[in-house]
Every structure is written in C-alpha cells, then in structure tokens.
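Colleague: Sequence:
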Amino acid sequence: MENTTEDKELLLNQWQTCVDMANSVSQRRDNMNNIFITLNLAIMAAVSITWDIKSLFILIAGITICILWMLNIRNYKLLNTAKFNVINSIEEKLPSAPFIKTDTYK
0 MENTTEDKEL LLNQWQTCVD MANSVSQRRD NMNNIFITLN LAIMAAVSIT WDIKSLFILI
60 AGITICILWM LNIRNYKLLN TAKFNVINSI EEKLPSAPFI KTDTYK
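Each residue of the sequence shown is one higher than the last, beginning at 0 in numbering that gives the first Met the number 0.
Be careful, since some hints might not be right.
What the hints assert, rightly or not - Computed cross-link-like contacts, EDC-like style, restricted to lysine to aspartate or glutamate with a CA-CA straight-line distance of at most 20 Å:
1) 7 - 91
2) 92 - 5
3) 76 - 19
4) 76 - 29
5) 7 - 90
6) 92 - 6
7) 7 - 19
8) 82 - 19
9) 92 - 19
10) 82 - 29
11) 92 - 8
Calculated from the structure, these hints are not laboratory results.
As the structure is a computational prediction, the values presented were derived from the model and not from experiment.
Turn these sequences into a full structure, and let the hints guide you.
Modeller: So, in structure tokens, the structure goes:
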C-alpha cells in the first residue's frame with residue numbers, strides 16, 4: 000500500500016494526539032504529586048503540634064497516604080509507558096522520529 004500525503008497527514012495527526020495525551024497524563028501526575036506533598040506536609044505539621052498518643056494515628060494515616068502515593072505513581076508510569084509505546088510505533092512510520100531518537104541519549 001502506498002503512503003499518500005493524506006495517509007501521512009492522518010498518521011501525523013494521530014501521533015500529535017497521542018503526544019498531547021501523554022503530556023496530559025504527565026500534567027495530571029504533577030498535580031497529583033502536589034496534592035500528596037501538601038497532605039504529607041499537613042500531617043508532619045499536625046504531628047509536630049500534637050506530639051502524644053494521637054500522633055500515632057496521624058502517622059499511620061501518613062504512611063497510608065504515602066503507600067497510596069506510590070501506587071498512583073506506579074500506575075501513571077504504566078500508563079505513560081503504554082502511551083509512549085504507541086507513540087514510538089507510530090513514529091516508525093513517520094520520516095522523522097523525535098521520541099525514538101531521544102531514547103538513544105539515555
């Protein structure tokens with residue numbers, strides 16, 4: 000099958016959509032990280048203000064939040080890995096492949 004100009008434009012539009020979606024996921028991850036940092040700072044402040052047996056419950060809540068944070072980061076990593084696999088497979092069909100070429104610098 001020949002690669003017509005229309006096919007190349009469609010492929011480029013699909014690639015651009017995938018890149019935009021990957022950037023959107025990264026922004027959501029950054030926003031989520033900011034929320035978890037704020038929660039952890041609030042927990043640290045609460046523990047430093049009320050240092051008694053109640054602090055133990057606050058610390059357990061903090062540990063739980065940290066575990067949830069780690070799970071969220073892992074899920075975002077899996078999601079971005081899948082998105083970049085799709086981007087790389089599309090780029091193999093394009094004349095220029097900026098993401099594939101940047102992988103060689105790792």
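Colleague: If a hint holds in the structure, say so; if it doesn't, say that too.
Modeller: Verification of the supplied hints:
1. 7 - 91: holds, 12 Å
2. 92 - 5: holds, 14 Å
3. 76 - 19: Given that 20 Å is the threshold and the Cα spacing comes to 16 Å, the pair holds.
4. 76 - 29: holds, 12 Å
5. 7 - 90: holds, 11 Å
6. 92 - 6: This hinted pair holds, its Cα atoms lying about 10 Å apart.
7. 7 - 19: holds, 18 Å
8. 82 - 19: holds, 10 Å
9. 92 - 19: holds, 19 Å
10. 82 - 29: holds, 17 Å
11. 92 - 8: holds, 12 Å
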